[in-house]
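Work out the full structure, taking the sequences as your base and the hints as a guide.
The listed protein sequences correspond, in order, to chains A and B. Under the numbering used here, the residues of the first sequence are numbered 5 to 210, in order. Under the numbering used here, the residues of the second sequence are numbered 3 to 352, in order.
Be careful, since some hints might not be right.
[What the hints assert, rightly or not] With the C-beta cut set under 8 Å, the calculated list includes, among others, these residues of chain A facing chain B:
#1 Y43
#2 A47
#3 Y51
#4 Y63
#5 G157
#6 L160
#7 P161
[As the list claims (entries may be wrong)] Here are the simulated SDA-like pairs of lysine to any residue, each with C-alpha atoms no more than 25 Å apart in a straight line:
#8 K162/A x T231/B
#9 K289/B x F44/A
#10 K154/A x Q122/B
#11 K344/B x R321/B
#12 K129/B x M67/A
#13 K193/A x E203/A
#14 K162/A x R220/B
#15 K150/A x A235/B
#16 K154/A x A124/B
#17 K150/A x D108/B
#18 K74/B x Q339/B
#19 K47/B x H341/B
#20 K129/B x C65/A
#21 K154/A x A149/B
#22 K162/A x N178/B
None of these hints come from the bench; they were simulated from the model. Bear in mind that the values here come from a model prediction, so they are computed numbers and not experimental data. Glycine included, each C-beta is placed from N, C-alpha and C at the ideal position.
One-letter residues, chain by chain:
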Amino acid sequence: MSQTTICVQLDEVVVEIMCSMKRLEQLREKYATAVGEGYFNMAKARYSMGGTSVSQLQYDCVMTPLVRVAMDPNESDQSEPSLTLLRTPIVRGGRKVSEAPAKETQQLRKRTGKGTSTLGVEDVPNITAEEWEGEGTTEDGEEAVKDPLKWFGVLLPKCLPQAQQNFMEAITYVVDLAQAQERLEFLRKKYCTLLKEKEQLHRPEL
Amino acid sequence: MSLAEYGFNVDNGYLEGLLRGFRSGILNKTEYLNLVQCETIDDLKLQLQATDYGNFLQNEPSPIAVSVIDEKLRSRLVVEFRHFRNHAVEPLSTFLDYITYSYMIDNIILLITGTLRQRQIAELRNKCHPLGSFAEMESVNIASTPADLYNAVLVDTPLANYFKSCITQTDLDEVNIEIIRNSLYKAYIEDFYQFCQNIGGATADVMGTILAFEADRRAFIITINSFGTELTADDREKLYPSCGKLYPYGLHQLAKCEDYEQVRQVAETYPEYASIFAGAGNNPGEKTLEDRFFEREVQINMLSFMQQFHFGIFYSYIRLKEQESRNIVWIAECIAQRHRTKIDNYIPIF
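Next comes the structure, spelled out in structure tokens:
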């Protein structure tokens, strides 16, 4: 590879690194905002309902996660692994909200590592509680779980479901953050590799 | 002036005087302004030392959690209340016992839900409100149905009469627990209202206004929070207390409501509630409906101190101190979370 080619590639990698860092910072800010809003809404709920009504005492003894993250084991150095969010259906009103008789395929919410050189934060969609309810049962026939909001009662102030929505939003940002960090790490290694190649080209001249 | 006022101070004059002294220690606007300017919880602790609370957090190690502040505020109120109760004679002693029944209901529900979540009884016991403690509390975990709960635990407590309407529930799931909670409270508030009316005089007048407002507030909040839940309109209507101004036509209209706008239309037919709903909203700068109800509650409870020789001031003092605790905890949460945009959303009392 000629020196010019390597320099061009190095420049491209530097630009990608800068864009990835910008995306990372934007995602961190959004994640911090979502989590902060969630905790603030829980404080509002404690103000309305009382401190002991919204506390650890209400947590279920056995918690089933509503969201799992699956990682595609891509060991290749040429691309970073992809992360996938897997949703567990929620039971609401005595029935599985996620049941859709016409659909039997698994629907997943994917966050792949295929970033472009300029990734805008618009790539991260706003997830509403209704979207989160899922549109299909899982392939392994997993039981739906009760809405965790029920832990705190039935007649809840609006701020508590809002807090749940904030934390759900934060989960999507967590996956994107992990993806962005992996991308940054991948670009850093690529930059180091190209820099070494450039140095090796320089040595015969010296 | 009736004869009741001539004899009031014989049995209750000391406690009324003491209570009015405590009332003057409630935080004012200047003290709240000092609190909201605090940057850290330690600053808040220093500012509270300059108030009537004094060194109540002195022995707590830094960093102080907001839940610890809440517990300590509650402990202060419990000490004051127990002093009143220990020195009270009839009928004030029964009146003060009625005040504790609402905390008993909260404790029972906390214990039931905690037991369903397989929490240790000792852990739950520590979180119960001290004013609502009763001897049979720790046996709540042996009950698996409302009938067991009544027969084994509550039959010898003051809440036994309130529980009769709840025994029809077959098991203890989230919806039934919510129904039990609100049914108990409905029966309690109606019984308390009747007790105050039987006392008569200024107590009936003042407490009638306060409890009627409480009953109507519960009806509105139950209705609004029940939208989108499994609670049916029929179940909801059974939870409305009947000692308020909404009874019977307003409650019947509320039971038929299916969204917030319909509730607002029902409220508009009652001038005192129309003004509450008019200023409520979720936009920035607007107060929520619950805040508006808390504000009105503070106004009503402040008015009870304008009259003498009645028991309503004891109830009002407890409610005002609870609002003060909510305010302090809210300010502490905003400071701890560094979320100062809504730190001024407390409700000042003076």
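Tested hints:
no.	hint	verdict
1	Y43	6 Å, holds
2	A47	4 Å, holds
3	Y51	6 Å, holds
4	Y63	7 Å, holds
5	G157	6 Å, holds
6	L160	6 Å, holds
7	P161	6 Å, holds
8	K162/A x T231/B	12 Å, holds
9	K289/B x F44/A	16 Å, holds
10	K154/A x Q122/B	20 Å, holds
11	K344/B x R321/B	23 Å, holds
12	K129/B x M67/A	22 Å, holds
13	K193/A x E203/A	15 Å, holds
14	K162/A x R220/B	16 Å, holds
15	K150/A x A235/B	23 Å, holds
16	K154/A x A124/B	23 Å, holds
17	K150/A x D108/B	24 Å, holds
18	K74/B x Q339/B	20 Å, holds
19	K47/B x H341/B	18 Å, holds
20	K129/B x C65/A	17 Å, holds
21	K154/A x A149/B	23 Å, holds
22	K162/A x N178/B	21 Å, holds
Checked against the numbered hints given earlier, the structure satisfies every one of them.
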